[in-house]
Amino acid sequence: MKRYKWITASLVAWMLASPMAGTATAAQIALTASVKTSLDKMVRSGHTQADQVRMRYDELLTLLGQEKESDASIKSLHAENQAALTALNKQIKQIDSDKIAPLADVLAQAKERYKPLFTHYTSLNKQISEAGKLKNKELSSMLRLQAGMLKIPVQFARLDIQIKEAALKEAKDAAAKKTKQIRGSLSAIDQANARIKASKNAVKSAEAEASQALSALKQASKDGDVSRASDMLASLVSHSRQITREKQNVYTEETGISRIVSDAKKQLP
13 MKRYKWITAS
23 LVAWMLASPM
33 AGTATAAQIA
43 LTASVKTSLD
53 KMVRSGHTQA
63 DQVRMRYDEL
73 LTLLGQEKES
83 DASIKSLHAE
93 NQAALTALNK
103 QIKQIDSDKI
113 APLADVLAQA
123 KERYKPLFTH
133 YTSLNKQISE
143 AGKLKNKELS
153 SMLRLQAGML
163 KIPVQFARLD
173 IQIKEAALKE
183 AKDAAAKKTK
193 QIRGSLSAID
203 QANARIKASK
213 NAVKSAEAEA
223 SQALSALKQA
233 SKDGDVSRAS
243 DMLASLVSHS
253 RQITREKQNV
263 YTEETGISRI
273 VSDAKKQLP
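Residue 13 is where the sequence shown starts when you use this note's numbering, and the numbers rise one by one after that.
Hints listed in this document are in silico derivations from the structure and should not be mistaken for laboratory results. Heads up, some of the hints might be wrong.
[Said to hold, decoys possible] With a straight-line cut-off of 30 Å between C-alpha atoms, the simulated DSS-like cross-links for lysine-lysine are:
#, residue 1, residue 2
1, Lys127, Lys138
2, Lys87, Lys123
3, Lys192, Lys80
4, Lys192, Lys277
5, Lys277, Lys105
6, Lys138, Lys123
7, Lys87, Lys111
Start from the sequences and build out the full structure, keeping to the hints where you can.
Next up, the structure:
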């Protein structure tokens, strides 16, 4: 697993998704001007249910206003959380980079510096092998002498590289441990995202039912049926309450995500 591939698929989905995509705008309750005019007439009609229509109408307008405010708040907070999480991801990628980068450079420089030595040592050993095949004892002896003189420097070079590799690995392991700890904290966003999805589905379902009630209200308003209009207003109020409640749940979860990201950020070294 790559060290910095810490954002899970669900986190990516949360980051890319609009806060209430597919719910807040697709079938949101909206009263047309003609329906409002008809309801205003019913309220002033003196009908026995006129007061009931007025109260339900007023409550529905209040709920729709609250829903609109919730949408704006959710959108704003979600955007803030996206920005904060993106910034945190960049910071996570830089964990201990000030330690790792110099160690990696030192190792690369050492390997490059010792490269001619290793190449020469390898070449001598190949020549020794060839001299042996030719049974040239004098050449073989001379080459072995040269190789012997390089043995200790080669061993030292290999040890030096091993030490530098160990130091780099230790630094990377330490950074990976810190990254894993922060990743563990951020995994709580997965659960929050699942609850947000459930609320969005509930909103979608409520809006679908509200759409039917709204159609019936429009017809009742057109027919001047006060009793039917009152019943449909009651239904719309009920659905709007549920929608408002679910959207408040989404906002609460986004607030929780904000805290999760903030707490994770505090774990940065």
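Check the hint pairing Lys192 with Lys277 against an upper bound of 30 Å on the C-alpha distance.
holds, 13 Å
Would you check the hint for Lys192 and Lys80, treating anything up to 30 Å between C-alpha atoms as holding?
Given that 30 Å is the threshold and the Cα spacing comes to 39 Å, the pair is violated.
Compare the distance between the alpha carbons of Lys127 and Lys138 with 30 Å, and conclude whether the hinted pair is satisfied.
Holds, at roughly 17 Å.
Hinted pair, alpha-carbon criterion (30 Å max): Lys87, Lys111. Please report holds or violated.
Roughly 39 Å between the alpha carbons, so the hint for Lys87 and Lys111 is violated.
With the threshold set at 30 Å, check whether the alpha-carbon distance from Lys277 to Lys105 stays at or below it.
Since the Cα atoms of Lys277 and Lys105 sit roughly 13 Å apart, the hinted pair holds (cutoff 30 Å).
Given the hint that Lys87 pairs with Lys123, does the C-alpha gap stay at or below 30 Å?
Since the Cα atoms of Lys87 and Lys123 sit roughly 53 Å apart, the hinted pair is violated (cutoff 30 Å).
Has the given pair, Lys138 with Lys123, been kept, meaning a C-alpha gap of at most 30 Å?
Holds, because 21 Å separates the two Cα atoms, which is no more than 30 Å.
In this structure, the earlier hints numbered 2, 3, 7 are contradicted, and the remaining ones agree with it.
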